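So the protein lines, in turn, are chains A and B. Oh and the first sequence: position 10 is 25 in the working numbering, straight run, nothing missing. Oh and the second sequence: position 453 is 462 in the working numbering, straight run, nothing missing.
No wet-lab data here; the hints were simulated from the structure. Be aware that a few hints might be false.
Said to hold, decoys possible - Restraint ranges, calculated between C-beta atoms of paired labels, are given here: (1) Lys22/A / Ala328/B: 42 to 52 Å; (2) Gln25/A / His18/B: 29 to 39 Å; (3) Ala37/A / Gly232/B: 27 to 37 Å.
What the hints assert, rightly or not - Here are some chain B residues the structure puts well away from chain A; computed CB gaps all over 10 Å: (4) Ile44; (5) Gly144; (6) Gly191; (7) Val214; (8) Lys280; (9) Met347; (10) Ala378; (11) Glu422; (12) Arg492.
Said to hold, decoys possible - Each computed SDA-like pair below joins lysine to any residue, with the alpha-carbon atoms no more than 20 Å apart: (13) Lys426/B / Trp502/B; (14) Lys22/A / Asn186/B; (15) Lys526/B / Arg24/A; (16) Lys22/A / Leu185/B.
Since the structure is predicted, the reported quantities are computational estimates derived from the model, not experimental observations. Yeah, the Cβ is synthetic: ideal placement off N, Cα and C, and Gly gets one too.
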Amino acid sequence: MTDITQKTRQQSGIQRTVMALALLVTVMFVSAAFLGFGA
Amino acid sequence: MATAHHAEHPTGFTRWLYTTNHKDIGTLYLVFAFIMAIIGGIMSLVIRSELWQPGLQLVDPHFFNQMATVHALIMIFGFVMPGFVGLANWQIPMMIGAPDMALPRMNNWSFWILPFAATLLIMSLFMPGGGPAAGWTLYPPLSVQGGIGTDFTLLSIHLLGMSSILGSINIIATILNMRAPGMTLMKMPLFAWTWLITAFLLIAVMPVLAGTVTMLITDRHFGTHFFDAAGGGDPVLWQHVFWFFGHPEVYILVLPAFGVFSQVIPTFARKPLFGYDSMVYATASIAFLSFIVWAHHMYTVGMPLAGELFFMYSTMLIAVPTGVKVFNWISTMWRGSMTFESPMLWAVGGVFTFTIGGLSGLMLAITPADFQYHDTYFVVAHFHYVIFGASIFGIFAGVYYWIPKWTGHMYNEGLAKWHFWLTMIGFTITFFPQHFLGLAGMPRRIPDYALQFTEFNQWSTVGAFMTVAAQLIFFYVITQAIRGGARATNKVWEGAEGLEWTLPSPPPYHSFTVVPKVK
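If we strip away everything but chain B, and leave its shape as in the complex, we get:
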């Protein structure tokens, strides 16, 4: 058979090192993301343990700052982004009816950059003077003053950015060129759409981050003064360029989760997605708006009033397409024959927590109010509601939704529900009280606090331990599903629609060797 040699692939370590197969690379991304989530999670426990009571308890304040910085970098660049790239690698070729990604060798390279970049980032903590301690936003002058650990981090960010750019080029090239005949863009599954838009965002902003990080490196080592006021530079320039990357980055983290919700909710409501077209336009509008709102992260630096008004109104405008999305998800569920298997729990839970995060985002968008909230725990609560409550919930929804397809085995639904509820409750106990702490004025990124903040902080710490512990259940459920269990059917879920469900579970090594036709 002509295709027989395609099915041969190395076994053992070389299979994973040399692989150009989208499923193997997807698995690598997901495993990597999980390991990073554990490391980042442990760092969050160091932070929360120190904050169990006022005063300095466990760690040196400088180390606390390093933990806050590296926890964020690992969770953003090591967990959430690779997690979604893993889902994209597994699903996009199967969803659009392609045999593999458009650029399989580059796909391998995109992944294998990551472990080296992550090693550099984690090694920075062991360098003389410790790791980066300026916060993940790496604001000068702190980031200019940091030790060699900061250089490790900056190099790591360059590598992570390269990996993302290569991955995005691959995703765009795949979606634009390899769709099955008949699958027009407006027939494409929403997950592929949200990833297409996310990939464009990545390509537009990752080079900007690389540009500004390069300027920081030249400031540190080659005598330039881009961000140094003493040499005629301006530290605020960093904030502008960083947030030109940073705000779209937030949407990079959350749009693929919206894609997952848009796949999962129709399946378990047993109804087609309400307002498909408006979902696509809303995603594109969110992406466009994300480029013109960056300075809402820096109202307090002293901008002209016109600037503050512009960024306030443009930020509030994002509520419109976001509202369209939430409306569409709810309308999809309206009068549907709903069941609540784990993917649906994560999706509905994600829409719920995201809505809370979105509303606190609107509060932060209001310039005069932000002068009070800025750099407080209110901001910490807000972005964890968005990044954890929407992005990470989206990753879990996606993994539970597709794992029977990937492994050919059903997972343990009972334990998976325990995982959801313990995480949901742990998450709420951790982050909801942080709104109150922030409104009362507790600053973030500080290892010590005033006595009156103790009780809410203790709630937060208990919740954090509960949330991290609940992930052990996830690990167990997934390992069990990989090793065996009840056979999954091709369609897996009664209400599932799309090309990936026409393939066997698990799918063959090359997804579609015969091109499917889409009506």
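Pulled out of the complex, with its shape left as it was, chain A reads as follows:
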């Protein structure tokens, strides 16, 4: 069985990954939209 410390570390790792990826999605979407306004 996975011990508690490893599980907590895994959980916070997953949270950090999701936050970073969500940020990337937002940046890409907004840049595409701004490209439209700039052109």
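Start from chain A and add chain B according to the hints.
Structure of chain B alone, referenced to chain A:
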């Protein structure tokens, strides 16, 4: 037992509706992909039937354009992408030694968006004015002028994109955080590697597609003029932003297939994969290059010469990492103890057809030559050699390779070989003559053609019917394997290596409740 309640799960419809289990969700994705493949396949038969002879035969030209558009959208977003996400859901947790995906509830949501999105897309065909008829690339001004069916399609694309983004976040979070102790990134199976890179590609480009689709919606309904020259906009802007998504999309469709080939070929050559590290770097290089080649789809719009040269050279550069991959697959097979069970047939067949598709891609990359090939059947032949010949062959290779593990039963090898050979021959009869049609100047997306193109078109139509019919064998073989058959061992294939083969066949509901150690 503490884990006993984990094994309890609802039965019947609620099992599938509420499931957070990676295997159940993988199955849902694969079943969905198969249904979409059938619908998209029938649409391709409408197209091929109309093209059986010159002149207008069966369908109205406007409906023909809708078929060409929706066939592509369904095959790309409904078949190939969900097919690979299905394989990823089933395999990635088992390959990296995890009990499930990192975000199981989001996994459920990613899937259940799909049937609604697909319904919207198919319903568009029944709207006043019909479905989208601008081609899957949805170029303005046609896509700005389309009826309400186009709005259904655009909303559907938004939903499909959301599903892909959520699925990709899940795959990255799983791979980066849930690998078994000892499984460093450079020890990870190639299928997990190619999916990790594919997921990053998806996250980078799906929001860009969403951005440009949103601009199209505002052009259609909210008085903006992003793509309307009369209002100071530019339809070419759409082409640039669309292909910034569209070209990486091609690699999104094909990289997971490369991953499957890299699993299957070593197993049936009974040798470790040749050049593992270079395979990883080549995949990453292909992904990087895919972002700087987009305008090779639009040489004919009138770009500065420097732009054309840049996109020509950067596109030709992709041949280097791709060549590394093909070299590695061949070197893996070199002096191996090879056998040709169905997964291997699909993998070797896939490498072969992909190489042809890659070479015609190089021809298209050459700017002056592309002025001749652009918008002809040569392009149709090229991308079907890549998307069908590599991606779909990859899905079949993966399904045959892993289905004994999933079901616990061996499939009927004899019938599976019939499936491969009939598809391979049907595929070649369909798409090889299209190279000649294109070189001779037959335009694509046109329901009528000049008389001299008749014979090759008839070959193509016969091949298309043969290919679609061969899929009935696939359906039968898979259904049979699900219902019963010879028991599969844990390892299934003599030469198979990896954590998934240490689990029983079929694997338990939660893959690894005790974390495996990787040396």
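So, going through the hints one by one against the coordinates:
1. Lys22/A / Ala328/B: 42 to 52 Å: holds (46 Å)
2. Gln25/A / His18/B: 29 to 39 Å: Because 23 Å falls outside the window, the suggested range is violated.
3. Ala37/A / Gly232/B: 27 to 37 Å: holds (31 Å)
4. Ile44: Given that every Cβ of chain A is farther than 10 Å from that of Ile44/B, nearest at about 28 Å, it holds.
5. Gly144: Its Cβ never comes within 10 Å of chain A, the nearest being 20 Å, so this holds.
6. Gly191: holds (13 Å)
7. Val214: At about 7 Å from chain A, Val214/B fails to clear the 10 Å cut-off, so the statement is violated.
8. Lys280: The assertion about Lys280/B holds, with a minimum of 34 Å to chain A.
9. Met347: holds (40 Å)
10. Ala378: holds (29 Å)
11. Glu422: Non-interface label on Glu422/B holds, nearest chain A Cβ at 39 Å vs cutoff 10 Å.
12. Arg492: holds (35 Å)
13. Lys426/B / Trp502/B: holds (17 Å)
14. Lys22/A / Asn186/B: holds (10 Å)
15. Lys526/B / Arg24/A: Measuring from Cα to Cα gives roughly 18 Å; hence the hint holds.
16. Lys22/A / Leu185/B: holds (14 Å)
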